[in-house]
Amino acid sequence: MAKIPVDAVGVLYVAPDGSRPQRRLVNMQVLQEMNKNSFVMVCNIPDQTHIRYFQLPRQVPATKANGKLSSLYQMVIADTPANLLNHFAEQPQSDVEWIYEGGVCMKFTLVDETTIDVSFDYWAPCESERHAQHYFALWAESACQWSRLVVPLNLLGSAPD
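Heads up: the sequence shown runs through residues 1 to 161, numbered per the working numbering.
Careful: at least some of the hints might be erroneous.
Stated by the list, open to error - EDC-like cross-link-like pairs, simulated, lysine to aspartate or glutamate; straight-line CA separation at most 16 Å:
| hint | residue 1 | residue 2 |
| --- | --- | --- |
| 1 | K107 | D117 |
| 2 | K68 | E113 |
| 3 | K64 | D117 |
| 4 | K64 | D112 |
| 5 | K107 | E129 |
| 6 | K68 | D121 |
| 7 | K68 | D117 |
Hints are computed from structural coordinates only; laboratory data are not their basis.
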């Protein structure tokens, strides 16, 4: 199974006004690699107020009972209770805003030689209906980007290790 390409990990943040940071300007640092298909990273979006969050991207390859290959991709914003306590214990940083929830879950299942079934779920706290629409556009683009990666990298082409 191919390793998740770290450069393909998307930015899971959209500002309430719909602006999105350019991926090349976002600092993403892997803090811990759990295995070749999952890791913990911290993301920093530089601006007047830096946006930061912990992201846990992972890939779960599987073979269904009917023998069809599938691959689940998750990118989740998460935090731990201990880290949350650290935020409260530290001096307030007016130039840093932490995001604590949100994510996407995409599942690709090989139907036959020419068809892949795609399911896509997402969630994020939104300040308004318009903000939610901006997220919808981002995640639709993300689903398209990931589906373009699935075929060339043959991520559905082998059974799990």
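Agreement of K64 and D117 with the hint, judged by alpha carbon distance not exceeding 16 Å
holds (13 Å)
Next pair to validate is K107 with E129; report whether the Cα-Cα distance is within 16 Å.
Between K107 and E129 the Cα gap is close to 26 Å, so the pair fails against 16 Å, i.e. violated.
Hint check: K68 vs E113, CA-CA at most 16 Å. Holds or violated?
Status holds; Cα separation ~11 Å.
Within 16 Å, alpha carbon to alpha carbon, are K64 and D112?
Holds: K64 and D112 sit about 13 Å apart, inside 16 Å.
Given pair status - D117, K107, alpha carbons within 16 Å
holds (8 Å)
Would the pair K68 and D121 pass a check requiring their Cα atoms to be no farther apart than 16 Å?
violated (21 Å)
Would you mind confirming whether the straight-line C-alpha gap from K68 to D117 stays at or under 16 Å?
holds (11 Å)
In summary, the structure is inconsistent with hints 5, 6 from the numbered list given earlier, while agreeing with the others.
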